[in-house]
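Number of protein chains: 2
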Amino acid sequence: MMNKKILLSENDIPRSWYNIVADMKNKPLPPLHPGTKKPLEVSDLEPIFATELARQELNDTDRWIEIPEPIRELYKNYRPTPLVRAYGLEKALDTPAHIYFKNESVSPVGSHKLNSAIAQAYYCKEQGITNITTETGAGQWGAALSYAANHFGLDLAVYMVKISYHQKPYRRSIMQTYGAEVIASPSMSTKAGRKIITENPNYQGSLGTAISEAVELALNTPNCRYTLGSVLNHVSLHQTIIGLEAEKQMEMAGEYPDVVIGCFGGGSNFSGITFPFLRHKLTGGKDIRLVAAEPASCPKLTRGKFEYDFGDEVGYTPLLPMYTLGHNFAPANIHAGGLRYHGAGTIVSQLKKDGYIEAVDVKQLDTFEAAILFAKSEGIIPAPESSHAIYAAIQEALKAKEEGRQKTILFNLSGHGLIDMASYDRYFDGELSNHELSDEEIAKTTDMLEKLV
Amino acid sequence: MMNKKILLSENDIPRSWYNIVADMKNKPLPPLHPGTKKPLEVSDLEPIFATELARQELNDTDRWIEIPEPIRELYKNYRPTPLVRAYGLEKALDTPAHIYFKNESVSPVGSHKLNSAIAQAYYCKEQGITNITTETGAGQWGAALSYAANHFGLDLAVYMVKISYHQKPYRRSIMQTYGAEVIASPSMSTKAGRKIITENPNYQGSLGTAISEAVELALNTPNCRYTLGSVLNHVSLHQTIIGLEAEKQMEMAGEYPDVVIGCFGGGSNFSGITFPFLRHKLTGGKDIRLVAAEPASCPKLTRGKFEYDFGDEVGYTPLLPMYTLGHNFAPANIHAGGLRYHGAGTIVSQLKKDGYIEAVDVKQLDTFEAAILFAKSEGIIPAPESSHAIYAAIQEALKAKEEGRQKTILFNLSGHGLIDMASYDRYFDGELSNHELSDEEIAKTTDMLEKLV
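Heads up: the protein sequence lines correspond to chains L and Z, in order.
Per the UniProt record's numbering: the first sequence = residues 1 to 453.
Per the UniProt record's numbering: the second sequence = residues 1 to 453.
If you are wondering where the hints come from, they were derived from the structure by calculation, not from laboratory data.
Fair warning: there could be bad hints in the mix.
[What the hints assert, rightly or not] Computed footprint of chain Z on chain L, listed as stretches where at least three residues anywhere in the stretch have a Cβ under 8 Å from a Cβ of chain Z:
| no. | stretch |
| --- | --- |
| 1 | 3-10 |
| 2 | 145-156 |
| 3 | 159-165 |
| 4 | 176-185 |
| 5 | 377-386 |
[Said to hold, decoys possible] Sample of chain Z residues facing chain L (criterion: CB under 10 Å; computed from the structure):
| no. | residue |
| --- | --- |
| 6 | Glu-10 |
| 7 | Pro-39 |
| 8 | Leu-40 |
| 9 | Val-42 |
| 10 | Asn-77 |
| 11 | Val-109 |
| 12 | Gln-176 |
| 13 | Gly-179 |
| 14 | Glu-378 |
| 15 | Gly-379 |
| 16 | Ile-381 |
| 17 | His-416 |
| 18 | Met-421 |
[To be verified] Dumping the calculated DSSO-like pairs for lysine-lysine here, alpha-carbon to alpha-carbon at most 30 Å:
| no. | chain 1 | residue 1 | chain 2 | residue 2 |
| --- | --- | --- | --- | --- |
| 19 | L | Lys-248 | Z | Lys-76 |
| 20 | Z | Lys-4 | L | Lys-5 |
| 21 | L | Lys-5 | Z | Lys-248 |
| 22 | L | Lys-248 | Z | Lys-4 |
| 23 | L | Lys-4 | Z | Lys-5 |
| 24 | Z | Lys-376 | Z | Lys-27 |
| 25 | Z | Lys-5 | L | Lys-125 |
| 26 | L | Lys-76 | Z | Lys-27 |
| 27 | L | Lys-76 | Z | Lys-25 |
| 28 | L | Lys-125 | Z | Lys-76 |
| 29 | Z | Lys-27 | Z | Lys-37 |
| 30 | L | Lys-125 | Z | Lys-376 |
| 31 | L | Lys-407 | L | Lys-286 |
All values reported here derive from a predicted model rather than from experimental measurement.
We put the CB at the ideal spot given by N, CA and C, even for glycine.
Isolated chain L, as found in the complex:
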């Protein structure tokens, strides 16, 4: 039998991240200062982010950014992650397609988020910053940053979306085990939170709101910076380590993917798995399809507008050119908490606009059905977020079967679901629904966008 897992050694951990912007003919439009509406410069971002991260955010010329040795060293705690040939799933689907997944769930916090958390904590520490803040949706990012902040000796405050704070109490405990402070958002600890609670006391929170709170705290705390787990260019940059490893591993398997799939919230794991493959297409090399799988309840890529919008609920962040449902869109309380974000990162948005990537929206019930098939055939219970990618991969494999042709499919298993079993319980109990949106609902939330710039 062939190997199931295609493994690299610690020496094979990439030495640079891939900055796709350098290869894009149409660069993303610049982020704008929310007050002046002028293109941002590094100095505008420095009060919020560590300087090196601000530089990476606006770097559109350097194709490769060297990974500092202390980051590579900490990556060795779990990287390189395995690439797995999904023989069990192929058999269950009776498909001629070859299905591979990159297994980021082997990270000690259970998801890919650690790849950027380690980098961000490192650059903050190097600059002498002592305190950091962040937001978290499902808790995956918060857990990862807690791990990294603890390692580098930084104090961390995490604003956790209220719905997840209650649905996923154990992710909160994980953050606390690593020593982080966790606050349910919206909270009364910030102006932004108090305003939202006053207007809507029962609001269960969103990533947009939690970002407002975390940014506000960072700006009002000495020697403190904010960090973000998705959406931004520097986060996508760090996550390219996923695809760079996967590229080597596909080569070892003697195959090249026809399609690469990632679930889509703000874009971090999708960018991570796809950008290194897309670089060949951008530079005239091999063609490939890239598919973002987003929830039908939060369909910014498939049904949103491409406009300048705020990254947060209240409007503290720069204006970003992106596919968005509007910064005050309140997504339904689906269990894939990490995908409940109103906008797509600016790089992905530009690539989508230019036809380089595709998007599909997936209904919540379909994702759980796909997750259980995957658990039974491959043995790993996936995170509800990752199940969106699994569903899309299954569709691709079934299409290949219908067409009777071989196809090579690669998707990113961004995390496992062992801390999400309450969500599975609710699915088994028939308590979940799809939360699809009507055209009126979409129009209502996006209509205000034209007035922003």
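Add chain Z to chain L, keeping to what the hints say.
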């Protein structure tokens, strides 16, 4: 920098398990039929276990038992597991000791239990058995067997110790995701359960009780067999894959352990990590210390009696010669649910009696303190069971520091704690205690043993 993880390839998965009994000068005393009190034969065990498992249970001559190819194939889903040099923990302890751990937590169900679950389900399937039953304490074994039963297409009923059923609801959900039926034990579904509930309606269950129920169901269901996740010889046999891999990996690291440590419940992970190293000592090779770390609330190896005793609460099982606290000992509700068992496997008991292995008992609060130090220094949140081994390893490392000498320590990280965060929460909230036993309590529970044979 050196590699942190020492990795083997799928081809390096051992082709045989190691049967230590073949190398023991003093073989364990024979298990006795509970009715006739005569030594058991394979035919006595066949109504309960698959025939091949019954043969393995009583095999005291074959040193190596070949691993069937379909089992090795399924092992590839997560094996070989990494051996990790715990640089972070060494630094935190400022010790000259080199600390290694075998990371069994990377299995898709989060623990080493899958190693035997896969083997047992396979042999049942091969024999044409359609239904299996089992018990589970913390849920680790039940989750593993659910995974394996699903893979081989067997129907599975799991009796889960009531305290864990409530403390660890997500382990239950994991079993259900793989398609198993889960019943809280003691239950009203068996005579054994009804008897116990009648006598003590608030009893929170124990492994001994759950075993009685699972065996009873197996004996009363057509084409059904019982399976067990620890204690028995064939389980220890399957788990030796841990130590066989670790031995190769230590060789790759250029070191040989001075001491090997495993937490101790019934013996499965302890036997697994230690027996392959002990084989050299038994056959006149290199000396080595082997340490079993058991809970102070359930100290059979350190404070129990070596006597014939039943494996279960009610007395359905054969009489086994072992260190025991008495089959009706009701252990305190500690969070290391997998270690709440009254007896030690017969092989380990004989080895302990003959001075080949040592045992230490560890207080619950000390295990959580060790767990948090491990989480912060190595990044992995350990299962409460595994934290007993971590505590013992830390003590060895601190002793090395005190004595100012190098020492190589290997322990088994039998599982991660991501599904045990409720236990960590209770520790943080100061709700846990040590549940140490007085000499009177020990005497009271072991005094009846002398009358059994």
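A quick look at each hint next to the structure:
| no. | hint | verdict |
| --- | --- | --- |
| 1 | 3-10 | holds (count 6) |
| 2 | 145-156 | holds (count 3) |
| 3 | 159-165 | violated (count 0) |
| 4 | 176-185 | holds (count 4) |
| 5 | 377-386 | holds (count 4) |
| 6 | Glu-10 | holds (5 Å) |
| 7 | Pro-39 | violated (39 Å) |
| 8 | Leu-40 | violated (35 Å) |
| 9 | Val-42 | violated (32 Å) |
| 10 | Asn-77 | holds (5 Å) |
| 11 | Val-109 | holds (8 Å) |
| 12 | Gln-176 | holds (6 Å) |
| 13 | Gly-179 | holds (7 Å) |
| 14 | Glu-378 | holds (8 Å) |
| 15 | Gly-379 | holds (4 Å) |
| 16 | Ile-381 | holds (6 Å) |
| 17 | His-416 | holds (8 Å) |
| 18 | Met-421 | holds (4 Å) |
| 19 | L:Lys-248 x Z:Lys-76 | holds (21 Å) |
| 20 | Z:Lys-4 x L:Lys-5 | holds (19 Å) |
| 21 | L:Lys-5 x Z:Lys-248 | holds (20 Å) |
| 22 | L:Lys-248 x Z:Lys-4 | holds (21 Å) |
| 23 | L:Lys-4 x Z:Lys-5 | holds (19 Å) |
| 24 | Z:Lys-376 x Z:Lys-27 | violated (43 Å) |
| 25 | Z:Lys-5 x L:Lys-125 | holds (26 Å) |
| 26 | L:Lys-76 x Z:Lys-27 | violated (44 Å) |
| 27 | L:Lys-76 x Z:Lys-25 | violated (44 Å) |
| 28 | L:Lys-125 x Z:Lys-76 | violated (39 Å) |
| 29 | Z:Lys-27 x Z:Lys-37 | holds (18 Å) |
| 30 | L:Lys-125 x Z:Lys-376 | holds (17 Å) |
| 31 | L:Lys-407 x L:Lys-286 | holds (15 Å) |
Checked against the numbered hints given earlier, this structure breaks hints 3, 7, 8, 9, 24, 26, 27 and 28; the rest are met.
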